[in-house]
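Given the coordinates of chain X, assemble chain E onto it according to the supplied hints.
Protein chains in written order, with this note's numbering: chain X, 30 to 146; chain E, 36 to 148.
Don't take each hint at face value.
As the list claims (entries may be wrong) - In the DSS-like style, the derived pairs of lysine-lysine whose C-alpha atoms are separated by at most 27 Å in a straight line are:
| hint | chain 1 | residue 1 | chain 2 | residue 2 |
| --- | --- | --- | --- | --- |
| 1 | E | K77 | E | K147 |
| 2 | E | K135 | X | K86 |
| 3 | X | K38 | E | K77 |
| 4 | X | K38 | X | K86 |
| 5 | X | K112 | E | K102 |
| 6 | X | K86 | X | K99 |
| 7 | X | K100 | X | K38 |
| 8 | X | K86 | E | K91 |
| 9 | E | K135 | E | K77 |
| 10 | E | K91 | E | K102 |
| 11 | X | K38 | X | K112 |
| 12 | X | K100 | E | K77 |
| 13 | E | K135 | X | K100 |
| 14 | X | K112 | X | K86 |
| 15 | E | K135 | X | K112 |
| 16 | X | K38 | E | K135 |
| 17 | X | K99 | E | K135 |
| 18 | E | K135 | E | K102 |
| 19 | E | K147 | E | K102 |
| 20 | E | K77 | X | K43 |
| 21 | E | K91 | E | K77 |
| 22 | X | K38 | X | K99 |
| 23 | X | K100 | X | K86 |
| 24 | X | K86 | X | K43 |
| 25 | X | K112 | X | K43 |
What the hints assert, rightly or not - The following residues of chain X were derived to be distant from chain E, with all beta-carbon distances above 10 Å:
| hint | residue |
| --- | --- |
| 26 | G71 |
| 27 | L72 |
| 28 | R73 |
| 29 | N82 |
| 30 | D83 |
| 31 | P104 |
Quick caveat, the hints were computed from the structure, so don't treat them as lab data.
From a predicted model like this one, the values you see are computed outputs, not experimental measurements.
All C-beta atoms in this analysis are idealised placements derived from N, C-alpha and C, irrespective of residue type, glycine included.
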Amino acid sequence: DGGITQSPKYLFRKEGQNVTLSCEQNLNHDAMYWYRQDPGQGLRLIYYSQIVNDFQKGDIAEGYSVSREKKESFPLTVTSAQKNPTAFYLCASSIVGTGLAFYNEQFFGPGTRLTVL
Amino acid sequence: QKEVEQNSGPLSVPEGAIASLNCTYSDRGSQSFFWYRQYSGKSPELIMSIYSNGDKEDGRFTAQLNKASQYVSLLIRDSQPSDSATYLCAVNSLSSNTGKLIFGQGTTLQVKP
Chain X
30 DGGITQSPKY LFRKEGQNVT LSCEQNLNHD AMYWYRQDPG QGLRLIYYSQ IVNDFQKGDI
90 AEGYSVSREK KESFPLTVTS AQKNPTAFYL CASSIVGTGL AFYNEQFFGP GTRLTVL
Chain E
36 QKEVEQNSGP LSVPEGAIAS LNCTYSDRGS QSFFWYRQYS GKSPELIMSI YSNGDKEDGR
96 FTAQLNKASQ YVSLLIRDSQ PSDSATYLCA VNSLSSNTGK LIFGQGTTLQ VKP
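The shape of chain X in the complex, shown without the other chains (with noise of 0.2 Å):
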């Protein structure tokens, strides 16, 4: 089955502490993207690639890195410099068009739900 999968889905975190949240997908998109929710609000872009080693930060990068090694993955480490990072994270993927034909369907993961302890 083609799909994006994120993990954890469920994920905790103690002040002053790392992690990484996984994004993966066989869809053989090009683009990938990370987003967080926060409740009764829309999505923020966080980060997003369009090719291997290449990457750019969205409207909210700040305490956010990424890393794009692999086509079919896009991992995203929340740093202890982001001082509020209880939120929904949601990655997606897209095919990359060029002119007309640059549509950005995205499609979204299950998401993972980061709560800071």
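Just chain E now, kept in the frame of chain X:
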């Protein structure tokens, strides 16, 4: 002004009625428009994409796009209790060419039996 705006609701409709969800956007360069459905505690699920002015129908769902007025809407016919969810509008700007989707905050729909 927010880039993508939706009424947060809740929008309450009786079972079998038509639910109308609206979204406005500020970037006139926007080219691609999406509706996602998100059940409580779950991740968003893509239900409709629309790229050209006019209507696009898929089963009970119809997306409507008016680029001149900068709005996109989603109609759900014969609403069912299982349609109760938050509906997110998302917009992609071709001018940015970055793959960045801008999401509205979502409209909560309640379908009452």
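Pair hint outcome, E:K147 versus E:K102 [Cα-Cα no greater than 27 Å]: violated (33 Å)
27 Å limit on alpha-carbon distance, applied to hinted pair X:K86 and X:K43: Since the Cα atoms of X:K86 and X:K43 sit roughly 25 Å apart, the hinted pair holds (cutoff 27 Å).
Between the alpha carbons of X:K38 and E:K135, is the straight-line distance 27 Å or under? Measuring from Cα to Cα gives roughly 25 Å; hence the hint holds.
Please verify whether X:K100 and X:K38 have alpha carbons no more than 27 Å apart. Answer holds: X:K100 to X:K38 is near 22 Å, not above 27 Å.
Does the structure keep E:K135 and E:K77 at a Cα separation of 27 Å or less? holds (22 Å)
Nearest-CB test (10 Å) between chain E and X:N82: holds (16 Å)
10 Å Cβ clearance of X:D83 from chain E: holds (12 Å)
X:P104: least C-beta distance to chain E exceeds 10 Å? Fine: 17 Å to the nearest Cβ keeps X:P104 off the interface.
Are the Cα atoms of E:K135 and X:K86 separated by 27 Å or less? holds (11 Å)
Straight-line Cα separation of X:K38 and E:K77 no greater than 27 Å? holds (11 Å)
Would you say X:G71 is clear of chain E, with no C-beta pair closer than or equal to 10 Å? violated (4 Å)
With a cut-off of 27 Å on the C-alpha distance, tell me whether E:K135 and X:K112 pass. holds (25 Å)
Figure legend: structure checked against the earlier numbered hints; hints not met, in rising order: 5, 8, 19, 26, 27 and 28.
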